[in-house]
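Listed below are the residues making up each chain.
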Amino acid sequence: MNHGRYRVWHWRSWSVRYAPPALLLAALLMVLLLVMAAYGLTVGSMRVPLADVVAIVMGHDESGLSARIVLDIRLPRILAAIFVGAALGVSGAIFQSISRNPLGSPDLIGFTTGAATGALTLILFFSPSVLQITLAATVGGLATALIVYLFALKGGGGGYRLILIGLGVGSTLSAVNGLLLVRGDLDDALWANIWLAGSLNGRTWSQVWPLMLGVVVLVPVVCFGARALTLLEMGDDIARQLGVPTERLRLGMIMCAVILAALATGTAGPIAFIALAAPQLSRSLLPGVALPVLCSACMGAGLLLLADLLIQALPLAVSVPVGRMTGIVGGLYLLWLLTRQR
Amino acid sequence: MMLLDHEFSPRQSARLRGERLTLAYDGRTVCDGLSVAIPDGCFTAIIGPNGCGKSTLLRSLCRLLRPQAGQVWLDGQAIHQLPTREVATKLGLLPQAAQAPAGILVADLVARGRYPHHSLFRQWSHEDALAVKQAMAATGVTELADREVDQLSGGQRQRVWIALVLAQQTPWLLLDEPTTFLDIAHQIELLELFCTLNRQGGRTLVAVLHDLNQACRYADHLIVMANGQILAEGAPHTLMSAELVAEVFGLECIIIDDPVSHTPLIIPRRHSLSAELAPLNGPKTRGA
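Residue numbers (the working numbering), protein chains in the order written: chain A, 26 to 367; chain B, 718 to 1005.
These are computed hints drawn from the structure, not numbers from a lab.
Note that the structure is a prediction, hence the values are computed from the model and not measured.
Every residue, glycine too, gets a C-beta built ideally from N, C-alpha and C.
Don't take each hint at face value.
To be clear about the criterion: a stretch of chain B counts as covered by chain A if any three or more of its residues have a C-beta under 8 angstroms from a C-beta of chain A, and this derived list gives those stretches [said to hold, decoys possible]:
1. 837 to 846
2. 857 to 866
3. 936 to 950
Residues from chain A shown here face chain B by an in silico Cβ test under 10 angstroms; the list is partial [said to hold, decoys possible]:
4. P45
5. L48
6. R186
7. F249
8. E258
9. T271
10. V314
11. R349
12. G352
My request is simple: use the sequences and hints to build the entire structure.
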């Protein structure tokens, strides 16, 4: 019953196929996430012992100072890191699959820039609430995606076209973002600049909820579509002859990817590198296995949480925004990737 | 010249047929008002010069290309109105270009042919395992099951792709230039495999082929195309003539009996006719 790298799990007339290495990797990453999250909840300007953290999170102690710090400051920040990372990881996995290119990630093809344009417009011209910023970023990202998709579709689609048009639209929008910053009021521009750096600092529950909801709803949808998406990687003709509704699938999956990326950007600002690296790392650890959605999610969450914990642990006087950190690491990773391929 | 051979089932009763098809790529019309019937249970080869619309026709027959006008009928139903999943259980196509994912194993690639038979909670059954096993045995890739597709030779890889389409277990098998880029031994091996699949499996095969002699030798039915039209069709021995080859390819030749298979064997003369007859083939169109 098993074939190649897959095993089958039967129950009555149902059967589910899975790849043991993918399951193992996902489980391993989840354990690491849990460990990092637990550690993250204990450290900070005030140390809270692990036993207390467990009691607080289980709801046994809700009043004290340490409970407020853990529940209102650290937990939202850690959950934001996990869900932003997961959303970016899945979004990148989808873009890389659809563009059949390891560089197809939402930050490279302009969607993150578009989300930033949406958020900046709101920050500079209306003084919005944090929730409104999240919303504006989502709308900005979706609008950008729509423009890129329509342009790419006009020329007959294709992965390279999507990337090139995304690059064009992205650089235009990044110039627009610069203009917006110059035009705005100085205080607002300062705030906008902090937002643009991409940070998990001071995230509140109201910012985390929409993102969590989006991830919990969309990731299973993507997992469901991943099998067909994997077939699409072999080429449109073979996928269609196997019964995959290629155009509908592509559009639906791009929508999921854009919403995920935009929600993540709305919550934390533009965070580079995660969407690019998480699916690539998962894929290189799992050769010959269908699109690893769950692993990309866990990998993205793990990478961002790790980055966030690292900058908190670094002996720096100022707190570095996590987006800058991933930007630097991501840039180096990209250079390494490009020089490694001929 | 119009040679229509009626020794096969009459046009109207063929289970797969195209009716007055107008086919276009990016607004450029390749075929206009073309009607075709695929004889049931036969190995049909579509031949013709480059750019005459062979692949275009094949793509429209398996609903990959929606006709501008006309209709493709599959078992009395308009193919473009059927769900793609349902068509995928009846028609299998081996396209010209398909990309094997990096690192995939042969068994896993062949297993992807079972996709149209699956659903969310029925991802793998005994029938699936059996179909994959049979497909790999028929194409002789059973020993390669645990090898990575990237590491195979061109001939082996093509057999794996055919196994994928075979695992779909479709009554129709459409092959778009399946022998291109293979050496002569692998070409013959594949064509013999197609004959076996046709005779033993009772499948209807349609292949776009370039080599006229191979088409004459292995196919039961030839469809000869030029300029987006069907110029002639029928069994190779009744159909093939020096005049037809001259008209379609602008190539002067003599036709002798193939000493091995006793099918028509086309021997080209020097290519002096081409200059005069080239305009017959018209301007180049996309695809072959």
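Hint-by-hint comparison with the structure:
1. Against chain A, the region 837 to 846 of chain B contributes 8 residues with a C-beta closer than 8 angstroms to a partner C-beta. That satisfies the three-residue criterion, and the hint holds.
2. Chain A is given as covering the region 857 to 866 of chain B, and this holds because 3 residues of the stretch bring a CB closer than 8 angstroms to a CB of that chain, at least three being needed.
3. Note: the region 936 to 950 of chain B has 0 residues with beta-carbon separation from chain A under 8 angstroms; the three-residue rule is not met and the coverage is violated.
4. The restraint placing P45(A) at the interface with chain B is violated, with a minimum CB-CB distance near 13 angstroms, outside the 10 angstroms limit.
5. A least Cβ separation of about 14 angstroms between L48(A) and chain B goes past the 10 angstroms threshold, and the interface hint is therefore violated.
6. Hint on R186(A) is violated. Least Cβ distance to chain B is approximately 14 angstroms, over the 10 angstroms limit.
7. Hint status for F249(A): holds, given a least beta-carbon distance of 7 angstroms to chain B, under 10 angstroms.
8. Given hint, E258(A) at the interface with chain B, holds; its Cβ is 6 angstroms from that chain's nearest Cβ, closer than 10 angstroms.
9. A least Cβ separation of about 9 angstroms between T271(A) and chain B falls short of the 10 angstroms threshold, and the interface hint therefore holds.
10. With 10 angstroms as the threshold, the beta carbon of V314(A) comes within range of chain B, its nearest partner Cβ sitting at about 8 angstroms, so the hint holds.
11. The beta carbon of R349(A) is not positioned within 10 angstroms of any beta carbon in chain B (closest approach about 33 angstroms), and the interface hint is therefore violated.
12. Using the Cβ-Cβ criterion of 10 angstroms, the hint placing G352(A) at the interface with chain B is not satisfied: the shortest such distance is roughly 28 angstroms.
The earlier numbered hints that this structure contradicts are 3, 4, 5, 6, 11, 12.
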